[in-house]
Amino acid sequence: MPLTSLIKKYTKGSFEKDYIKTLGAQFSKYDEEIEGDNVKLFFWDIAGQAEFMFMRPTFYKGSKAAIIVFSHAPDEEISFDHVKDWHDDIKKHCGELPIVLFGNKIDLVNEKDLDDRKCVNLVKKRKFLGYYKTSAKTGKNVYEAFQAIIKELYNRYKDA
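Convert by adding 43 to the 1-based position in the sequence shown; the result is the number in the numbering used here.
Treat the hints with caution; some may be incorrect.
Unchecked claim - Straight-line distance between alpha carbons at most 25 Å, and here's what the computed PhoX-like set of lysine-lysine pairs gives: (1) Lys-104 / Lys-170; (2) Lys-170 / Lys-201; (3) Lys-83 / Lys-72; (4) Lys-176 / Lys-107; (5) Lys-170 / Lys-183; (6) Lys-51 / Lys-107; (7) Lys-51 / Lys-72; (8) Lys-168 / Lys-127; (9) Lys-176 / Lys-161; (10) Lys-107 / Lys-134.
It should be emphasised that the hints constitute simulated quantities derived from the structure, not laboratory data.
Input sequences plus hints: build the corresponding full structure.
Structural data, given as structure tokens:
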């Protein structure tokens, strides 16, 4: 899923219309000031394709949190079915981590018609930190979604 697009929107405020799938993994570093502290954020965007599954544990090492992204786009709804697999894989290799669920491409659906009870139920059942309906294209809820996980990590590790 296009975590790369969401990271670019959050860190640079930009959106690239022509999306190129992540092959293997993509790394991004971003500096942010939180409560007067300079915080370094490191993002790994790990490819979702099955042929890259063997690589995932390498990139999970040392992770302090996770973002799982699925698409609300009508022709990509099947991506939600992989959320549980991603969570199980992360849990297997990292233990319990704060996780935020991003339902991206919200700009391609009418939110009034969106029944997101299954998302809300999954977040409660799996004890995710939260669920955000995002759009990398418009920027809707991107800042709020990233801030949820970043502030959680900051509060956990600020005195470490």
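Task: Broken hints, by number - done: Nothing - there is no hint that the structure violates, so all of them hold.
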